[in-house]
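According to the working numbering, the stretch in the sequence shown is residues 308 to 622, in order.
Misleading hints may appear alongside valid ones.
Stated by the list, open to error - Derived pair list, reagent style DMTMM-like, types lysine to aspartate or glutamate, alpha-carbon separation capped at 25 Å:
id, residue 1, residue 2
1, 475, 442
2, 475, 492
3, 555, 449
4, 475, 522
5, 400, 449
6, 460, 482
7, 565, 578
8, 453, 396
9, 400, 476
10, 491, 578
11, 460, 445
12, 491, 445
13, 460, 522
14, 589, 578
15, 475, 579
16, 400, 420
17, 485, 522
18, 400, 492
19, 520, 586
20, 555, 592
21, 561, 578
22, 520, 592
23, 565, 592
24, 491, 581
25, 453, 442
26, 455, 396
27, 491, 449
28, 443, 476
29, 491, 336
Please keep in mind that the hints were generated in silico from the structure rather than gathered at the bench.
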Amino acid sequence: VIIVINGPRFYRPMIFLPLAYAVIITATDLLRFSSFSAISRGILPGMLNGFLSPVLTIGLLPVFESIFGITTNITLLELSDLNHPLLRDLAIKAPGTYNHSIIVGSLAEAAAEAIGANSLLARVGSYYHDIGKMEKPEYFVENQLKGKNPHDKLSPSMSSLILASHIKEGCELADRYKLPRVIKDIIRQHHGRTVMSYFYHRAQERGDKEEVKTDRFQYPGPRPQTKEAAIVMLADSVEAATRSLPQKTSSRIKETIKEVVQSKLSQSELDESDLTLRDLNKISESFLPILLGIFHVRVEYPKGQTDADSLPKKR
């Protein structure tokens, strides 16, 4: 991903560059004792050059992105618009997945900022990481109505195939809407080679354990190849695990974050992402305040103490 100046910082040069050209040309010509007519003839091309340079830059960016296979943060900013057709469809067809993706985006952005990774890419990648769930939204827990789970009528192996298919379907949607390769990579990698343990254990309980192969219950992969993809994987798992907690206390949320990170480490899911243990500690710390805010968890005080006890006492 190539980072370029965007927003007001991009349009500001369109104003100040022409003025700077005018001042420099005027000062140089005055030192040469040039006539005012000569100065005015030099100022106009200079100011025009200062104005057109950033205009041509922004106009040619899509061409350069296509030729060289790069993605600038201007493109990422466009994709971060929640009115993008894909995100609008996701909100309508799979509202639970949409809300999940927005929260994952907040978690991933904070984590990326904490370790110096590309926070914009992490956030935008999070928005699109589950777009494949639009094809069969009712098979994913965040979209299910209470008491209605279509997996109850399916075999564990069929359920695992349906869950894994959202990766392939997400990549197909990414191609159809011409999403950048970096976003498609996050879609492909955000589950890595994780085993769908719930259905794997159900299959073991229902049949001969020797015939239940782990790879039949694994996501297709590959494992995350970048820090941003690994962050989305962790944010995705942490949000889902935290949402399922019966009691969302600060200590339990903190413990859940730790469990998720340890689980991904033990399964070697983060080995190819270049994340260090220091990075993982910072990522875990960045997740906690966001989750506490989302779930409105009050600070846990020592036994027998209330929040009123922390207020200054009147003298």
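Evaluated hints:
no.: 1; hint: 475 / 442; result: holds, 11 Å
no.: 2; hint: 475 / 492; result: holds, 11 Å
no.: 3; hint: 555 / 449; result: holds, 17 Å
no.: 4; hint: 475 / 522; result: holds, 17 Å
no.: 5; hint: 400 / 449; result: holds, 12 Å
no.: 6; hint: 460 / 482; result: violated, 33 Å
no.: 7; hint: 565 / 578; result: holds, 17 Å
no.: 8; hint: 453 / 396; result: holds, 23 Å
no.: 9; hint: 400 / 476; result: holds, 15 Å
no.: 10; hint: 491 / 578; result: holds, 20 Å
no.: 11; hint: 460 / 445; result: holds, 13 Å
no.: 12; hint: 491 / 445; result: holds, 23 Å
no.: 13; hint: 460 / 522; result: holds, 22 Å
no.: 14; hint: 589 / 578; result: holds, 17 Å
no.: 15; hint: 475 / 579; result: holds, 21 Å
no.: 16; hint: 400 / 420; result: violated, 31 Å
no.: 17; hint: 485 / 522; result: violated, 31 Å
no.: 18; hint: 400 / 492; result: holds, 23 Å
no.: 19; hint: 520 / 586; result: violated, 34 Å
no.: 20; hint: 555 / 592; result: holds, 17 Å
no.: 21; hint: 561 / 578; result: holds, 23 Å
no.: 22; hint: 520 / 592; result: violated, 36 Å
no.: 23; hint: 565 / 592; result: holds, 10 Å
no.: 24; hint: 491 / 581; result: holds, 19 Å
no.: 25; hint: 453 / 442; result: holds, 20 Å
no.: 26; hint: 455 / 396; result: holds, 23 Å
no.: 27; hint: 491 / 449; result: holds, 22 Å
no.: 28; hint: 443 / 476; result: holds, 10 Å
no.: 29; hint: 491 / 336; result: violated, 54 Å
In the structure shown, a violation is registered for the earlier hints numbered 6, 16, 17, 19, 22 and 29, in ascending order.
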